[in-house]
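Peer 1: Going down the list, the protein sequences come from chains A and B. For what it's worth, numbering that gives the first Met the number 0 labels the leading residue of the first sequence as 0, then goes sequentially. For what it's worth, numbering that gives the first Met the number 0 labels the leading residue of the second sequence as 0, then goes sequentially.
What the hints contain is simulated information worked out from the structure, not anything from laboratory work. It is possible that part of the hints are untrue.
It does not matter which identical chain is meant; a pair holds if it fits inside one copy or across any two.
Below are the SDA-like pairs computed for lysine to any residue, each with C-alpha atoms no more than 25 Å apart in a straight line [to be verified]:
1. K125 to R167
2. K250 to A284
3. K125 to Q350
4. K255 to Q122
5. K250 to L47
6. K255 to R117
7. K221 to R199
8. K125 to G394
9. K250 to L371
10. K255 to D15
11. K255 to F116
12. K125 to L239
13. K221 to R232
14. K255 to S228
Chain by chain, the residues:
There are 2 protein chains.
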Amino acid sequence: MQAVSENTVVADATLDVEAYMLRLGQQARQASRQMAAASTAAKNTALLAMADAIDASRETLHLANEQDLQQGREKGLDAAMLDRLALTPARIDGMIEGLRQVVALQDPVGAISDMSFRPSGIQVGKMRVPLGVIGIIYESRPNVTCEAASLCLKSGNAAILRGGSEARHSNQAIAECIRHGLAAADLPAEAVQVVETTDRAAVGKLITMPEFVDVIVPRGGKGLIERISNEARVPVIKHLDGNCHVYIDDKADVDKAVAVAENAKTQRYGTCNTMETLLVAEGIASTVLPLLAERYHAHGVEMRGCPVALPYLGDEAIAASEADWETEYLAPVLAIKVVSGLDEAIAHINQYSSAHTESIITEDFDRSQRFLREVDSSSVMVNASTRFADGFEYGLGAEIGISTDKIHARGPVGLDGLTSQKYIVLGQGHIRQ
Amino acid sequence: MQAVSENTVVADATLDVEAYMLRLGQQARQASRQMAAASTAAKNTALLAMADAIDASRETLHLANEQDLQQGREKGLDAAMLDRLALTPARIDGMIEGLRQVVALQDPVGAISDMSFRPSGIQVGKMRVPLGVIGIIYESRPNVTCEAASLCLKSGNAAILRGGSEARHSNQAIAECIRHGLAAADLPAEAVQVVETTDRAAVGKLITMPEFVDVIVPRGGKGLIERISNEARVPVIKHLDGNCHVYIDDKADVDKAVAVAENAKTQRYGTCNTMETLLVAEGIASTVLPLLAERYHAHGVEMRGCPVALPYLGDEAIAASEADWETEYLAPVLAIKVVSGLDEAIAHINQYSSAHTESIITEDFDRSQRFLREVDSSSVMVNASTRFADGFEYGLGAEIGISTDKIHARGPVGLDGLTSQKYIVLGQGHIRQ
């Protein structure tokens, strides 16, 4: 019994992680019952107490974050990664402000809608209810811990948060503030649990215990999300690519077309709602493309055009290949294609788009209506920049992510997306005949 | 090259099934684009033409069904199975009537809601859109072919239908009528495809091609649904057990309590919304249980009581075991437990229920509100029989199933459950600052 092989140790460690995650799951399920019944006042009290705790813990948060940054530098993380990891004073302000904004949001839980009487005499309608337990898996940004916790809490859910291992000291320090807030409102401490182990087996377990976890929201790169979707046995709210399109119709107003197509590409390059392919009707290509090429050139955007577009794009533009139509550059690069008209534009989008966000620029009513209806993406726009596709711009107040799925929630997911509706039936002793 | 081993043959057959299913998937995806854009008038024309085709094909349907019944008898199917398989004249009437009812339902596609202006000037709202391609997997009832096709069609989706192998002649005959209807409205024939192979690998492929199938709806026994949920790589709208509860509070009206608890158990035994466990507050047990025991006894319902309930249930009642609290009998058997009050009732339900349908009988307002809010089931009722939990009683007009899932749709799933909402944004050249 003394000779313990390395294999046994590994097996035991895995068992421990499994047991640990099962315990978190059980506790979360238990806490979710209390959270579902928690009053709006209690939830808001907790959120405000969290904000106060964070404000009072700036020094602690800074020291914890310094530990993570130090280890990150030693591990050779690149500058972008270290930047995402940093809890600057401005980001701490942002966390506090975010919590207060969530307090101001309407509580979705318990909202009753569509009550109507049926011929049998019963009254039937729907009540909005929390999903139960939400697992959030994210990468290096520690402020996500606070943001995700606040949205799950306000929507009456329990949360299990699994952040990146490189942010673990920061995440634990934030978790301490969250616990403080929950305690201040007499809500269960297990309503928000931050996974403490950095063992990757923890994620594997989290996404395969449907008895304790109702939905997983991964936040991070496409690789993370695809891996989780493939292995999960729990529903996943996915946010995959944003290969977004603007289509300039030949009945477009040229000024609007140029303004929107410039903004959609150049306002920010690294965001999921940035335009990646510009489609232009052949009837207007010779008018708008030279104007746009000038703008893109000034911004330093690399243009990759189809053979018809190229002559209008200036000397530095290069030929697009098939792969360009499928690519989310997240960079100052743009694919440009001339199409015969609306039909070809819609067909191109429905073939190549990641179903995130697309916009038509047109003054023609019928074409705008067809585009709205026939383009199968989570956000479809008329005469507006794709950059508007986010929860704040849409008035959701906050956003846990943007869904590129088709069931449950499409597009920016706010508090409502973390809830569902059950049926309620009121009678006076009604029985079925 | 001549010596082909049995293994090779199997592999080739599997490849053929895979290729066949991929073709169905591609065709369905293609057709789904046209269906999403189809007018309400075209969809209704197709449904009415299907009804006419079925009416005109009674003899063909009867002969095809006779083939299935004959083979079923030869295979030794039991009487219940053969009954489900039979396309009696009344069931054919039911199919025709069902199609006409779906025509009368409001088209959910394209409905726009919640349009509002944002501070940026854009106008944001939601548009209801089809899910895309729906795979339906069902067992022996051939009339499901017609019903599922009609609901998918009206909601603007393409459907791939995989019925039980024992009903294949009947299903193909119905499919012929469906194709006739689609053709009459100039809708693509591939909008509804009935899988022709009875190879089980077809199901395995259908549930693992997310690129062509957006959601799977299995209709059948728990075994089928669990198997599909475990293996699917596509979202599944699940309908698992209906372990439903009625809780008689000590502030219940005795007449209502007896009427509802009798009806919920005895109106039909084999349905998912039938009560399987009766909970009674101890303060009212000695009043209602003897009255109910008399009714149940008269109906031949076997009673299994907890130690406190047993003395009130008569000589034939037996002691309940832990397993009884978890069991969906689908039979004239009822578990009965006396609880201390509302808290214990809610805790018992949230622990043992399958989250399908539960009802409280009480005259107390606060308790009714707590029960509605804190019971985590897809239908929660006050003073009404659990038997009301279905799409027709709720006014959905038709139902593709009852979801015991928490995301996307809970409870009876009608046309809306086969759709989702995308965001639409209207501007006049708006760009993001």
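Peer 1: To test your reading of the hints: which numbers does this structure violate?
Peer 2: As far as the earlier hints go, 1, 5, 10, 14 are violated by this structure, in ascending order.
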